[in-house]
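Asker: Given these sequences and hints, build the entire structure.
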Amino acid sequence: MKIVASRRWRPAGLLCVGLVLGALDGALAQAPAPVDPWPDLARDLFQGRAITNDDFVVLEAPARAEDAAIVPMTLRFKAPGLRRATLVVDQNPMPMAATFTFGETAGVTFISTRARVNSYTNVHAVGETGDSALHAQVKFVKAAGGCSAPAVKNMDEAASHLGQMKYREFKSAESGHREAQIMIRHPNNSGMQMDQLTHLYIPAHYIDKVVVRQGETLIFSMEGGISLSEDPNFRFSYAPNGAKSISIEAHDTKGNVFRQEWPIGEAS
Amino acid sequence: MVRRIILSLILAFYYISPSAAMDFKLDEIAPGVFAHQGQTALMDRENEGDIANLGAIVGEDAVAVIDTGGSLIEAKAFIAALQQETSKPIRYVINTHAHPDHVFGNGAFVGPDVVFVGHKNLQRALSARGAFYLESFRAAMSDALDGVVIVGPSVTVDKATMLDLGGRKITLQAWSPAHSDCDLTVLDEQTGTLFAGDLLFVRHVPIVDGSLLGFLEVAEELAKIPAVRVVPGHGPLVAAWPKALDDQRAYLTRLTADLRAAIKKGDNVADAASAAARSEREKWRLFDDYNGRNATAGFAELEWETP
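Here the protein sequences come in this chain order: D and H.
With the numbering used here applied, the first sequence covers 1 to 268.
With the numbering used here applied, the second sequence covers 1 to 307.
Source of the hints: derived by calculation from the structure; they are not laboratory data.
Some clues are possibly wrong.
[As the list claims (entries may be wrong)] With the Cβ distance kept under 7 angstroms, some of the chain D side facing chain H (calculated, not the full set):
(1) GLU66
(2) GLY146
(3) CYS147
(4) ALA149
(5) ALA151
(6) ASN154
Positions of the beta carbon are idealized from the N, C-alpha and C atoms, including for glycine.
Answerer: Printed below as a string of structure tokens:
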């Protein structure tokens, strides 16, 4: 009713609707940008190759980002043989969050990580199979409200523990698989924020490459990282090859290399 | 039809002059100590960013303002209301932290004799977040955001400092990461009035944007301040001290315990965040707007504890 009524007083009509429906105001105004960046992104990131929308790669992302700095995202892979998977946050300043490349025998069935989400955005997961075919899924994520920001919460803490790592194992839901989590302390500053006080860009400092192995064999490597949350965090399943240890090597944009190795626990 | 006409007149009024609608109430809560109660809401065009409690302390020579509100419109209304109460000049503008509802009004106070004061980390936080806040709040605030600029501190507080307003001393204290990583409190020694900023939420669900464990620790230290009354960052204008901290402590303690249990069990962050502290839901306003976010951030923090 109110919408109909307000249309009679143009040109202020649209603003009036926003005012009357106070609660809806934000929702109406924050619709995704009219220009969909995806066609350009797909062309740039995948050289214009055909991308099939199917459920070969299943993307799990929340409908609403609770915390702009930490938005959980999971990629699940239906069939084995996935070569690569890329996570793209379309509306972020640097949309490509991460590209994961999987070892041939790694048997990774899912990988969970956390991304920054700056605004209302589509998120794409694109998988590449051994035959170089591309498969995508898309989810729309509403931005977080209030004072939430895609920035580091506790900067001193982030800086003082730079490169510290943590490893955990979990009981895997899939037989013949193991589930593990690797966490790296890093502010992962994107460098995209302009300092409003100095009008200079804050220098980028982020993890740009991660390699995870069981024994000498690759489980996955990750490249990109700009839209990943501070303290990059990867939880994944893999097919064990009998190796006694799992290792990680992480590189950041200032040339730091962080390495750590942990013994793999008894099968649970 | 009549209703529609009345509605349209009201709307036309708002459309022509959003600032004319600002109804700014400033109460003298103790001699020479003024405070304004913000709405318990998210910032939008309708409330013009007026969601945080603001304060002012008047000395013999000068006035110190504590936080400036969420828009220029609100800040100008604040200044006008203050001028009704005193002709003393505003010399200090103190920001209790970097969040938009506390600093977006700063621009209205800029002048040759005005000193902006904040936590030693305030500038860094504004540098990292200012541009994002200006952009992200445009959608919800529309033209109520017009003219807002990020103004950083010219004087910063490392641990504690005292400001003399003329026959009246106020103590500023900088805290380790808690609600945010640049929390500052203001104590008026003369009346024992503590401006807690967002280190104290009453009825409005607490927001964790610094450190969950830090928030609990800092609140315990804060409780030792021998104040008579406290102005929370959000909630009623005045609350009993230190009893006002009880509900917040209960919430943060529940959240911490639930998250630790979920992490130990091996839950993922999304599942844990949707379940943690649910038992507190009925006690708080805006719970659904912020609990999931507190839990998400808290999970990422507590995950680093040794299991």
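Asker: It remains to establish, for every hint, whether it holds in the given structure.
Answerer: Here is how each hint holds up against the structure:
1. GLU66: holds, 4 angstroms
2. GLY146: Result: holds, 6 angstroms to nearest chain H Cβ.
3. CYS147: OK, holds: CYS147/D within 7 angstroms of chain H, min 4 angstroms.
4. ALA149: holds, 5 angstroms
5. ALA151: Hint holds; ALA151/D Cβ to chain H Cβ min 5 angstroms, cut 7 angstroms.
6. ASN154: It holds, given that the least Cβ distance between ASN154/D and chain H is near 5 angstroms, below 7 angstroms.
Checked against the numbered hints above, the structure breaks none of them.
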